[in-house]
Amino acid sequence: MKSHDKGSLLTCCLAAALGLVLAASPVLAADKAVKIGNVEPLSGPSASVGVQGKQAREMAVEEINAAGGIKSLGGAKLELVYADSKSDPTVGVTETERLINTEKVNLMTGCWNSAVTYPATQVAERYGIPFVVPVAVRDTITERGFKNVFRVAAKDSWWVRDQFRFLKDMQEETGTKLKTIAFVFENGDWGTGFAEKWRELAKKDGYEVVLDEPYPSTATDLTPVVTKLKSANPDIVMLVSNAADAILLTNTMAEMQVKPKVVLASGGGHADPKFLENTGDTAYGIFDEVEWNTDVNKPGAKETNAKFKKKYGYDLTGESVDAYASMYVIADALERAASTDPAKVREALASTKLSTGPAMIVSYDGVEFDKDGQNKNAGIVIVQVAKIDGKPQRVTVWPKSARRAGYTPVFPANK
Amino acid sequence: MTAVIQATLNGIMMGSMYGLTALGLTLIFGVMKVINFAHGSLLMVGMFSAYWLIKLTGIHPYLALLIVPPVLYVFGYYLQDVVIKPVFKAERQTREPATVIIVTTGVWYVLDNLSLMLFGAEYRTVRTAISNKSMALGPYILSIPKFSGFVIAVLATIGLALFMRKTKIGMALRATALDREAANLMGIDQYKVYNIAFGLGTAIAGIAGCVLIPFYYVYPSVGVVFDIRAFIIVVLGGLGSIPGALLGGLVIGLIESVFSQFMASTWTEAIIYAIFLIILFVKPSGFFGNKQDW
Amino acid sequence: MSRKQLDTSLLGLAALIAFGLPLVVTSPTYLQILILLFFYAYLTTSWNLVGGFAGVLPLGHSVFVGIGAYTSTILTLQYGVSPWIGMLVGGLLAALVGVIIGLPTFRLRGAYFCLCTIAFAEGIRVMVENIDSLGPLKINGPRGLLIPLKEPSFWHYQFMSKLPYYYIILTLLILVLALTWFISRSKIGYYLAAGGEEPEAATALGVNVANCKLLAMALSCFFTALAGTFYAQLMLYFYPKGLMGLDLSFEIAFIALIGGRGTIAGPVIGALVLRPLNEFTRIYLSDMLPGLHLVIFGLILILVMLYKPQGLTAPLAAAYDKLARKITRAPNAKGAAA
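Protein chains in written order, with this note's numbering: chain A, 158 to 572; chain B, 23 to 316; chain C, 56 to 393.
Hints may be right or wrong, so weigh each one.
Unchecked claim - Okay, derived cross-link-like pairs now, DSS-like style, lysine-lysine, Cα gap no bigger than 25 Å in a straight line: (1) A/325 <-> A/459; (2) A/354 <-> C/363; (3) A/228 <-> A/192; (4) A/325 <-> A/387; (5) A/464 <-> A/431; (6) C/363 <-> B/214; (7) A/189 <-> A/354; (8) A/468 <-> A/234; (9) A/468 <-> A/455; (10) B/155 <-> A/431; (11) C/193 <-> B/111; (12) B/77 <-> A/466; (13) A/468 <-> B/77; (14) B/155 <-> A/416.
The set of hints was computed from the structure by calculation and includes no laboratory data. Treat the numbers as computed from the prediction; the structure is a model and nothing was measured.
In isolation and in its complexed conformation, chain A is listed as follows (with noise of 0.2 Å):
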């Protein structure tokens, strides 16, 4: 139409194909560090928890490389290359080839969003990169028979499995029957997949279900949900929220005044350290499931905690702990592997026996990969919020083996 268009057309391609020569000459890498990749939504919807994930890491690498660095590796420092997913997949995507590709990493981890982390893994199995997935719970991330990927934290299926093991302890223990059941969660990809597992197993264990009710994770209002849970009136209510929801959906509930015999979180919103802070006495007698809290009476937690706060602010949450965590996973592999090649530290990974050191801070026992690279030992707990010296806290009531001494859950919460 326009007689030009065709010649800027030209210029433009002339220009742009030089500007890639010119970028796409080889980048020489080879200092001594062992570069990990890591791919975090650092900006968009999940920002705070890239962010949290982020300096979990952070501290980790600081102390390793404090502590002499890889010593099998002649003291090689690791080194973190982070990539922003946006929570896009697509994105997750491009970073993770570039990572590999351009930054050389030696390792990659991340991504938080099952989303993003189910076809970054797969990149990374392409190009046989270990993988190393702290937290993304989809059951599916290792059951795709891939050689590389491994992933500390539990998956979708065992959360499910432990909430209705903790909730049948939990009438065992007082003595109290709960018969109906109601599940609220947003219509996500995390929400829908817990929902399908807690049908199957509420009609295990003979519930009745009143509600089944998935809600938009963008909503604005959650007073109609709310609504719909006073008429169900459940014994126990099960929750998937995100951050925002999380808040929103306990504000409303104490405004409604629906107050549910139990109410049995899923970690996400309701771990999120800001959750507390904005929800206030609200939020009290909620169980959540999480990996990590803490209290968890483990060695070095507490110490690790309070440096954590110290240099950010916030306290750790089971997820940044997951991420914490992962960098030993990775620092152990690499010091057994005595080298930067993929395969050989693949290996090194298939066989961890971690059971000592500061990852040790996790809720569970040890770290230890089945043949589809999901940690073999990877528990969770479920915390109580309780008003201790006029505050909300989160008190580990579950296992009872983790249970913080002297604290007697309140269950049912309301009565």
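Fit chains B and C to the supplied structure of chain A, relying on the hints for placement.
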């Protein structure tokens, strides 16, 4: 039945506030004939202003209503004057320049991410004297911050409508809205009117911010959630119509609240879009829209 | 050398460079960035058929990308149909949906049309997120669809290296560019241009603007959907929020407006500017201060619109024109002297 009435009450309260978030958008469209894609970000600025004001000084959230909107007015006035006006000048002959959409989207990216850089990504709420308070009305429960939000939203809508009818500036705004060239000939400075309209629209986003903060949370991309809904509301009510924004908001609020008593609340979103499209095809001008705008 | 010869030879050279680029750019990272660049250029060129030439501003094109990706993937996963066939089916389906959407919306103008396309796209996305299976078809709601790794082959539309993907998207891009060039010089193109600027006048002259717009819409949607299949096969995973969300729709429109809406080269130039900007600001800045890269991105959007509201194509074309005139005039002058 109790649940349905409870849901209706809640729908009216939330709907009026949705209307308030859309009011500034509709005013700006009515006068300037462009969709301000940065409207959600202006709402975010309003919420953050209210948040910091209340957090740092501890004043009652409704006292913030006296401070935040004027500040936001100045902010919006100069934002339009500096950033958006040049585009209008460059595209004088176009009635609805598409470039303004890009510019306002650029403003949206800049504002949202500046606040990400300044305040971080976390969700913030501020405890105020009225947070989480509710009153019982027989078997029904009314949230106090939402109820006062409803009152303020209605007052703001009436106030703006009166302003447009009774004051000289309001009449200049309306004249420009009806016929830009004629208004120009009458000696009305078109660009000054745009500045005022944009300032007013931003100030209303400030009011909405003050109203939301006692029961909602703020984070850098909070505006996006309200943005799309505001777009739907203004089309439902009629782009440019002030009572239309309130009515559109109420319709959306009621659908969201009442329909979700009968189906999964994720479906109400789809129903809102369906109703929106039906109205658009049956009566594109919405409830109170101007024929010339579509 | 005449002007026409110059144009043709430069165009040939550009094509040659585009095809030969992978000989130089061997890093999969840059290849991936190039693939995405072409992917966006292709999407925007498809969008341009209606968004540029028909004079309206659709902001919901991601829904057609979604239709393409879902159709071919569901056919592959459940019925073993090759994605290549699924791609065509998806394209036809998208064209049909496009016409259904176009019929009522083309009556609307300006802002109403914009918001209407947003509502359509968001409405369909929300529905997809709410539906686990549609009759026998497994849609999988918000979790999206995963394509398992298969034996790499052309038939499976899966390859070990990036190279085939590069050539597929490049071919698609050239195809749709050629189509745009052809349409812009055909009667339909003139009708569209007339209808876009002055619909009443065009109708008065007996031009069936509505039918032309619908045809443009059908073509645009068809080609947009092909990109959906390409994306699905490249990433082997997609989900509604990522693929059908407004972000993608907006980005397409940005590229067009920055490049120059309604010009043939506009989408390519827009993609050449915005994509690397997007990628490199993210790569180099997101680590320093989260959000900074998007602030810069937003500022550049504003600045381009302030100084070049018609997009970057017009000034670049003028510069080329000047240069070309110099080159073509010089030998001619010599020829005259001899």
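Verification of the supplied hints:
1. A/325 <-> A/459: 30 Å, violated
2. A/354 <-> C/363: Outside the cut-off at roughly 55 Å; violated.
3. A/228 <-> A/192: Since the Cα atoms of residue 228 of chain A and residue 192 of chain A sit roughly 16 Å apart, the hinted pair holds (cutoff 25 Å).
4. A/325 <-> A/387: Answer holds: residue 325 of chain A to residue 387 of chain A is near 24 Å, not above 25 Å.
5. A/464 <-> A/431: The given pair, whose Cα atoms are some 19 Å apart, holds under the 25 Å limit.
6. C/363 <-> B/214: Answer holds: residue 363 of chain C to residue 214 of chain B is near 24 Å, not above 25 Å.
7. A/189 <-> A/354: 47 Å, violated
8. A/468 <-> A/234: 21 Å, holds
9. A/468 <-> A/455: 21 Å, holds
10. B/155 <-> A/431: 21 Å, holds
11. C/193 <-> B/111: This hinted pair is violated, its Cα atoms lying about 52 Å apart.
12. B/77 <-> A/466: Given pair residue 77 of chain B, residue 466 of chain A holds - Cα atoms ~23 Å apart, limit 25 Å.
13. A/468 <-> B/77: Holds. Residue 468 of chain A to residue 77 of chain B sits at ~24 Å (cutoff 25 Å).
14. B/155 <-> A/416: With Cα atoms ~16 Å apart, residue 155 of chain B and residue 416 of chain A stay inside 25 Å; holds.
Going down the numbered hints, you'll see the structure goes against 1, 2, 7, 11, while the others check out.
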